[in-house]
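J.: Protein chains in written order, with the working numbering: chain L, 1 to 133; chain U, 134 to 266; chain S, 267 to 399; chain V, 400 to 532.
Bear in mind the hints are in silico, worked out from the structure with no lab data behind them.
Ideal Cβ positions, reconstructed from N, Cα and C, are used throughout, including at glycine.
Fair warning: there could be bad hints in the mix.
Derived coverage of chain U by chain L (criterion: at least 3 residues anywhere in the stretch with Cβ under 8 Å from a Cβ of chain L; other residues may be distant) [unchecked claim]:
1. 187 to 201
2. 209 to 215
3. 221 to 234
To list a few chain S residues with every Cβ distance to chain V over 12 Å, as calculated [claimed, not checked]:
4. Phe-275
5. Arg-299
6. Leu-307
7. Phe-312
8. Val-313
9. Ala-320
10. Asp-335
11. Leu-349
12. Arg-363
13. Ile-365
14. Thr-382
15. Lys-385
16. Lys-399
4 protein chains.
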Amino acid sequence: MERRVRDSFAAQDYMTTIGAELVSVRPGAVEIRLAVRAGLLQQHRFVHAGVVSAIADSAAGYAALSLLDEGRDVLTAEFKINLLAPAQGEQLVARSRVIRSGSRLSVCASDVFAVTEGKETCVATLLGTIAHK
Amino acid sequence: MERRVRDSFAAQDYMTTIGAELVSVRPGAVEIRLAVRAGLLQQHRFVHAGVVSAIADSAAGYAALSLLDEGRDVLTAEFKINLLAPAQGEQLVARSRVIRSGSRLSVCASDVFAVTEGKETCVATLLGTIAHK
Amino acid sequence: MERRVRDSFAAQDYMTTIGAELVSVRPGAVEIRLAVRAGLLQQHRFVHAGVVSAIADSAAGYAALSLLDEGRDVLTAEFKINLLAPAQGEQLVARSRVIRSGSRLSVCASDVFAVTEGKETCVATLLGTIAHK
Amino acid sequence: MERRVRDSFAAQDYMTTIGAELVSVRPGAVEIRLAVRAGLLQQHRFVHAGVVSAIADSAAGYAALSLLDEGRDVLTAEFKINLLAPAQGEQLVARSRVIRSGSRLSVCASDVFAVTEGKETCVATLLGTIAHK
Numbered sequence: 001m002e003r004r005v006r007d008s009f010a011a012q013d014y015m016t017t018i019g020a021e022l023v024s025v026r027p028g029a030v031e032i033r034l035a036v037r038a039g040l041l042q043q044h045r046f047v048h049a050g051v052v053s054a055i056a057d058s059a060a061g062y063a064a065l066s067l068l069d070e071g072r073d074v075l076t077a078e079f080k081i082n083l084l085a086p087a088q089g090e091q092l093v094a095r096s097r098v099i100r101s102g103s104r105l106s107v108c109a110s111d112v113f114a115v116t117e118g119k120e121t122c123v124a125t126l127l128g129t130i131a132h133k
Numbered sequence: 134m135e136r137r138v139r140d141s142f143a144a145q146d147y148m149t150t151i152g153a154e155l156v157s158v159r160p161g162a163v164e165i166r167l168a169v170r171a172g173l174l175q176q177h178r179f180v181h182a183g184v185v186s187a188i189a190d191s192a193a194g195y196a197a198l199s200l201l202d203e204g205r206d207v208l209t210a211e212f213k214i215n216l217l218a219p220a221q222g223e224q225l226v227a228r229s230r231v232i233r234s235g236s237r238l239s240v241c242a243s244d245v246f247a248v249t250e251g252k253e254t255c256v257a258t259l260l261g262t263i264a265h266k
Numbered sequence: 267m268e269r270r271v272r273d274s275f276a277a278q279d280y281m282t283t284i285g286a287e288l289v290s291v292r293p294g295a296v297e298i299r300l301a302v303r304a305g306l307l308q309q310h311r312f313v314h315a316g317v318v319s320a321i322a323d324s325a326a327g328y329a330a331l332s333l334l335d336e337g338r339d340v341l342t343a344e345f346k347i348n349l350l351a352p353a354q355g356e357q358l359v360a361r362s363r364v365i366r367s368g369s370r371l372s373v374c375a376s377d378v379f380a381v382t383e384g385k386e387t388c389v390a391t392l393l394g395t396i397a398h399k
Numbered sequence: 400m401e402r403r404v405r406d407s408f409a410a411q412d413y414m415t416t417i418g419a420e421l422v423s424v425r426p427g428a429v430e431i432r433l434a435v436r437a438g439l440l441q442q443h444r445f446v447h448a449g450v451v452s453a454i455a456d457s458a459a460g461y462a463a464l465s466l467l468d469e470g471r472d473v474l475t476a477e478f479k480i481n482l483l484a485p486a487q488g489e490q491l492v493a494r495s496r497v498i499r500s501g502s503r504l505s506v507c508a509s510d511v512f513a514v515t516e517g518k519e520t521c522v523a524t525l526l527g528t529i530a531h532k
């Protein structure tokens with residue numbers, strides 16, 4: 001299971017572009033980490049909502065995938081994200097969980113934390129629907 | 134008004150990282166364009182949902198900003214995006230509109246289209262809330 | 267097609283409870299109307315967000331159903347609604363449209379208008395995902 | 400604090416109409432309970448998504464209010480709800496929590512459970528933004 005998730009993550013060029021790393025994969029729970037750097041910022045020097053969304057969404061999708069049978073795949077149907085605080089710090093960490101894994105859809109949530117000197121602040125929370133293929 | 138939006142957009146390093154361009158700014162309506170390229174893709178070779186979200190969200194935020202007085206700024210409070218079709222083609226175009234511009238919040242929508250040989254397909258639609266500062 | 271939608275609507279006890287009426291059904295577009303009355307209000311004497319959501323969601327679901335083959339049915343997977351203005355007036359009208367009708371999911375939008383002396387004000391907008399059965 | 404929430408809840412005619420009861424109010428967490436009955440159902444004999452949304456939204460709003468100073472009030476700006484399972488059983492219970500209480504906005508979540516013979520099943524989860532007045 002972890003191999004499938006890791007192979008799929010490695011095939012996401014965009015995760016490489018932004019420097020995101022897949023930290024851990026457990027059944028129904030995935031962690032993605034990202035070093036904050038200049039090329040990812042918006043006009044207030046916080047990490048762009050699109051980057052925050054990208055790691056939150058990827059973590060949600062892989063949490064869903066981690067509970068599916070071999071040979072299945074996932075595609076995000078939709079998500080909603082609330083941005084709770086400026087995404088600034090040394091790193092961002094996205095942690096996801098599966099709320100419901102159905103036959104055709106999974107509902108997943110992710111929280112994104114900004115990390116500075118080991119201290120975590122929740123900067124965003126996502127609730128999304130992942131379609132199974 | 135257009136200058137303020139263009140200055141803010143130019144200060145978004147992340148828009149430069151992904152190669153997004155601000156095409157047009159009218160009161161309450163902004164268009165952002167992006168050339169599709171390898172570094173922006175996910176595992177199925179479609180543009181990553183995070184990139185689609187990024188241009189949709191930026192277009193929404195700048196549409197809100199375009200209706201505010203000089204000196205005000207905007208910050209996305211939350212958005213929801215439905216991914217309607219694979220984001221593949223030569224370019225993506227995000228077009229936004231302001232649904233309601235209140236004193237403290239704007240509600241905006243964006244549609245993202247994939248463009249191939251001049252033909253547009255709607256690949257995502259966003260509905261979000263932008264806080265004023 | 268219209269008969270199927272009307273039969274299903276008539277089987278929704280809750281629509282009767284709140285006094286909602288199915289005004290029109292066209293392929294991919296449904297209109298539901300509701301007379302504002304005391305039992306539907308919240309603490310500021312506006313129509314409760316739950317009632318506004320109910321007619322917006324029902325209109326979205328029936329718009330999706332109107333495009334499906336005989337024998338199919340629909341179930342709301344999720345929706346997001348922005349409340350734009352106080353829901354007050356003589357009547358509320360929800361109008362929906364199908365944004366994408368896929369094989370297993372439809373994406374639909376609804377707008378809800380408050381009507382006073384023939385004048386309409388948009389009080390809410392919904393974007394949702396409808397699962398097909 | 401609890402009195403303010405209870406007074407406001409009592410002023411919501413619609414909560415009376417559907418038979419919802421405010422079970423408990425703690426700082427940042429509210430529980431609302433509803434007896435399932437015929438007038439609240441949709442065409443499959445499950446509780447209508449609008450009713451599920453109503454108690455989830457009310458619980459979220461009052462959780463936000465419970466953390467504000469005397470004299471402040473709340474208004475839902477938007478919410479997103481995922482319907483996870485058919486809302487059927489003897490009762491529905493909505494439990495909310497405040498994710499972030501800011502100066503002008505609160506972000507809250509609610510879960511709705513269907514209860515049958517003391518056994519709870521999560522049937523919906525809501526993530527929303529509450530504006531302060």
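J.: Now look at each hint and say whether the structure bears it out.
T.: Hint check:
no., hint, result
1, 187 to 201, "holds (count 4)"
2, 209 to 215, "holds (count 7)"
3, 221 to 234, "violated (count 0)"
4, Phe-275, "violated, 8 Å"
5, Arg-299, "holds, 15 Å"
6, Leu-307, "violated, 5 Å"
7, Phe-312, "violated, 9 Å"
8, Val-313, "violated, 8 Å"
9, Ala-320, "violated, 2 Å"
10, Asp-335, "holds, 18 Å"
11, Leu-349, "violated, 6 Å"
12, Arg-363, "holds, 19 Å"
13, Ile-365, "holds, 16 Å"
14, Thr-382, "holds, 20 Å"
15, Lys-385, "holds, 22 Å"
16, Lys-399, "violated, 9 Å"
Violation of the numbered hints given earlier is confined to hints 3, 4, 6, 7, 8, 9, 11 and 16; the remaining hints are satisfied by the structure.
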